[in-house]
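Asks: Each chain, letter by letter, is given below.
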Amino acid sequence: MILKGRAFKFGDDIDTDAIIPARYLNTSDPSVLKEHCMEDADPTFSSRIAKGDIIVAGKNFGCGSSREHAPIAIKASGVSCVIALTFARIFFRNSFNMGLPIFESDEASSKIKQGDILEVDVAEGIIKNLVTGNTFKARGMPAFMQELIADGGLIAHIKKRGKI
Amino acid sequence: MTIAEKILKSHTSDKGFKQGDVIRVDIDIALANDITAPIAIDAFKSCSKKDVFDKDKVVLVLDHFTPNKDIASATQCKIVRDFAKEYHITNFFDGGEVGIEHALLPEEGLALPGDLIIGADSHTCTYGGLGAFATGVGSTDLGVAMSTGQAWLKVPESMKFIFRGELNRWVGGKDLILYLIGNIGVDGALYKVLEIEGPAISSLDLSNRLTMTNMAIEAGAKAGIIAPDVVTDAYTKTRAKRNYTMHKSDPDALYSMVKEYNCANIEPQVAYPHLPENTRGISEVGEIILDQVVIGSCTNGRIEDLRVAAGIMKGNKVAGGLRCIIIPATPKVLKAAEAGGLIKIFLDAGAIISPPTCGPCLGGHMGVLAEGERALATTNRNFTGRMGHPKSEVYLTGPAIAAASAVTGKISSPKEVAV
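Protein chains in written order, with our numbering: chain D, 1 to 164; chain P, 1001 to 1419.
The hints are simulated quantities; they were obtained by calculation from the structure and are not laboratory data. Honestly, I wouldn't trust all of these hints.
As the list claims (entries may be wrong) - Taking lysine to any residue pairs in the SDA-like style, the calculated list, with each CA pair at most 20 Å apart, reads:
| # | chain 1 | residue 1 | chain 2 | residue 2 |
| --- | --- | --- | --- | --- |
| 1 | D | Lys160 | P | Ser1046 |
| 2 | P | Lys1045 | D | Ile158 |
| 3 | P | Lys1335 | P | Glu1373 |
| 4 | D | Lys160 | P | Lys1248 |
| 5 | D | Lys160 | P | Lys1050 |
| 6 | P | Lys1391 | P | Gly1311 |
| 7 | P | Lys1006 | P | Lys1248 |
| 8 | P | Lys1045 | D | Gly152 |
| 9 | P | Lys1049 | P | Gln1150 |
| 10 | D | Lys163 | P | Lys1006 |
| 11 | P | Lys1154 | D | Leu100 |
| 12 | P | Lys1069 | D | Asp29 |
| 13 | D | Lys34 | P | Pro1390 |
| 14 | D | Lys137 | D | Glu119 |
| 15 | D | Lys4 | D | Lys160 |
| 16 | D | Lys111 | D | Ile126 |
| 17 | P | Lys1069 | D | Thr27 |
| 18 | P | Lys1045 | D | Gly162 |
| 19 | P | Lys1154 | D | Ile158 |
| 20 | D | Lys159 | P | Cys1047 |
| 21 | P | Lys1009 | D | Lys111 |
| 22 | D | Lys160 | P | Gly1149 |
| 23 | P | Lys1050 | D | Ile158 |
| 24 | D | Lys160 | P | Arg1024 |
| 25 | D | Lys163 | P | Lys1045 |
| 26 | P | Lys1154 | D | Met141 |
| 27 | P | Lys1317 | P | Lys1415 |
| 28 | P | Lys1018 | D | Asp29 |
| 29 | D | Lys9 | P | Thr1384 |
| 30 | D | Lys163 | P | Pro1390 |
| 31 | D | Lys159 | P | Thr1148 |
From just these sequences and the hints, can you work out the full model?
Replies: Rendered as structure tokens:
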């Protein structure tokens, strides 16, 4: 699977209240949640994001709550994947469980600029910056977690394999 | 082996695992609340199993937006209520039985030493204060766990923090954990287990221990664990309805880092907006005028916390123009506060008493902030917009500073008001 989109840059420690503020958690409807995605970090995000675009952030992306509403809002916005220096652990596992591809890369996180056009090879973890020509390799993931992404998330994985 | 590794080993058939391996574990408790359960129920139904894996091991607590704040949140609760009825969930807490989940489960003897607990709530790590391996997960994990009784976990490394020395006056578990987070940062324990021990920890009651492990997630940790001891056993044995195991780490257990703190150097802590790592000692805090003080939450809403607050507020009045909201974490805490005369002290001081709810901690209801307002709270997060408007501010402290600040109207040491 090859993903392609514009980079939307964010800083360190983007928490789940910034990704989807708790004041909107009285619903889990993706079409409502996407309207407020990243609202407290960038109020213009939901109006500017287009299908396929990619979030590129610093360290500890998704820290805070366990709310799956965060990756749901990101996915419903049309974001194809998230690249960060590191992810907070619950956001990290939620993304795999939901089949939202995420990648950890020190270099990609720091060198990619707002608006750069990126191409990502999901299976290989290769991130290409089509503007600068730079290529980055994301950190490897355990085989089980690669399986989750390939299967399309935890539920699809269980349906396919009959167990976790 | 570390205590975390021992608990994982006793809950998996993937023997011989090493750090970094993904293992499948059998869980003792699967917990969700009114925000996370509806999505988990969808996930459960997608697994197309006829029944939950064990109706006694699924715990559902309607604590976040209850008593319901609007039609949408009432609809979410109804989904959970209908599910609990249809599947005969034993441990379903609704109406007057609702307490804040992480205060409620230890109190009810549902979370026990040696357990492996997953919860669709990040503060599930609280139960590590009992000597359990407890970790927050998402709703999909929880839905799958309700169906299969299992979860996947990546075996974490452990870090050890040893607290030595005597606690200073007005210092409690909240101050120790804020100090630790201030020291290592909000991702200082990312993906790892944060094991806490030492003479100062042994002298803490269970309430203060639970406060510490509650905030392990604020350092990025997968779990926070305090080895169970006589204090844990005394608390647990009267509450537990099943057997439990008290593990401890071996002397030769491997840690990615070991760090020691001297409590003599730790004064009451204040975490400034907008991250729990922005900590300072109370003596370094200038004049910060407050609009609201919240005393409650899964971090500091137990009876021990309310006793500290009431001791300072007794005979004093809440400062003019400040709203002070007291939220006993569970119905039993509220009853004990009533019986002990604490509720009268709070009401005489001019404080507001809220029913048990997460409420304002996450900007849900019962004390949401307007633009430009500033609150001090005994809660666990002070992210941008956490308690309301994105341009409001939250400072975090323990109950002693919170009570003193409610009286003076600005962030204050209890020394300024206590007799």
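Asks: Does each hint hold? Answer for all of them.
Replies: Status of each hint after checking the structure:
Of the pairs offered as hints, the one joining D:Lys160 and P:Ser1046 holds, with about 12 Å between alpha carbons and a cut-off of 20 Å not exceeded. Taking the CA atoms of P:Lys1045 and D:Ile158, the gap is near 12 Å; set against the 20 Å cutoff, the hint holds. Among the hinted pairs, P:Lys1335 with P:Glu1373 is inconsistent with the structure: their alpha-carbon atoms are about 32 Å apart, more than 20 Å. A hinted pair counts as satisfied when its Cα atoms are at most 20 Å apart, and D:Lys160 with P:Lys1248 does not qualify at roughly 39 Å.
Proposed proximity of D:Lys160 and P:Lys1050 is supported: the alpha carbons are some 18 Å apart, at most 20 Å. Pair hint P:Lys1391 plus P:Gly1311 does not hold up; C-alpha atoms about 33 Å apart against a cutoff of 20 Å. Under the criterion of a C-alpha separation no larger than 20 Å, the hint pairing P:Lys1006 with P:Lys1248 is consistent with the structure, at around 8 Å. In summary, the hint linking P:Lys1045 to D:Gly152 is supported, as the alpha carbons are separated by about 17 Å, within the 20 Å threshold.
Between P:Lys1049 and P:Gln1150 the alpha-carbon distance is near 14 Å, which keeps this suggested pair within the 20 Å criterion. Proximity of D:Lys163 to P:Lys1006 is assessed by CA-CA distance (about 24 Å); at most 20 Å being required, the pair is judged violated. Between P:Lys1154 and D:Leu100, the direct Cα distance comes to roughly 18 Å. Compliance with the 20 Å bound is thereby established for this hinted pair. With a CA separation close to 18 Å, the supplied pair P:Lys1069 and D:Asp29 stays within the 20 Å bound.
A threshold of 20 Å between alpha carbons decides the hint, and for D:Lys34 with P:Pro1390 the separation of about 18 Å falls inside it, so the pair holds. At roughly 12 Å between alpha-carbon atoms, D:Lys137 and D:Glu119 fall within 20 Å of each other, so this suggested pair holds. The straight-line distance between the Cα atoms of D:Lys4 and D:Lys160 is roughly 28 Å, outside the 20 Å bound, and the hint therefore fails. This hinted pair checks out: D:Lys111 and D:Ile126 have alpha carbons roughly 15 Å apart, not beyond 20 Å.
Under the criterion of a C-alpha separation no larger than 20 Å, the hint pairing P:Lys1069 with D:Thr27 is consistent with the structure, at around 12 Å. Restraint check for P:Lys1045 and D:Gly162: satisfied, since their Cα atoms lie roughly 15 Å apart, inside the 20 Å limit. This hinted pair checks out: P:Lys1154 and D:Ile158 have alpha carbons roughly 18 Å apart, not beyond 20 Å. This hinted pair checks out: D:Lys159 and P:Cys1047 have alpha carbons roughly 7 Å apart, not beyond 20 Å.
Among the hinted pairs, P:Lys1009 with D:Lys111 is inconsistent with the structure: their alpha-carbon atoms are about 41 Å apart, more than 20 Å. Straight-line distance between C-alpha atoms of D:Lys160 and P:Gly1149 comes to about 18 Å, which keeps the hinted pair within the 20 Å bound. Annotation: proposed proximity of P:Lys1050 to D:Ile158 holds, straight-line Cα distance about 15 Å (limit 20 Å). Of the supplied pair hints, the one linking D:Lys160 and P:Arg1024 holds, its CA atoms being roughly 17 Å apart against a limit of 20 Å.
Distance check on the hinted pair: D:Lys163 and P:Lys1045 sit about 15 Å apart at the alpha-carbon level, within 20 Å; holds. For the hint linking P:Lys1154 to D:Met141, the alpha-carbon distance of about 11 Å falls within 20 Å, and the restraint holds. Taking the CA atoms of P:Lys1317 and P:Lys1415, the gap is near 16 Å; set against the 20 Å cutoff, the hint holds. As the CA atoms of P:Lys1018 and D:Asp29 are separated by approximately 39 Å, the hinted pair breaks the 20 Å bound.
Proximity of D:Lys9 to P:Thr1384 is assessed by CA-CA distance (about 18 Å); at most 20 Å being required, the pair is judged to hold. A C-alpha spacing of about 42 Å is found between D:Lys163 and P:Pro1390, which places the hinted pair above 20 Å, so the restraint is violated. Between D:Lys159 and P:Thr1148 the alpha-carbon distance is near 12 Å, which keeps this suggested pair within the 20 Å criterion.
In the structure shown, a violation is registered for the earlier hints numbered 3, 4, 6, 10, 15, 21, 28, 30, in ascending order.
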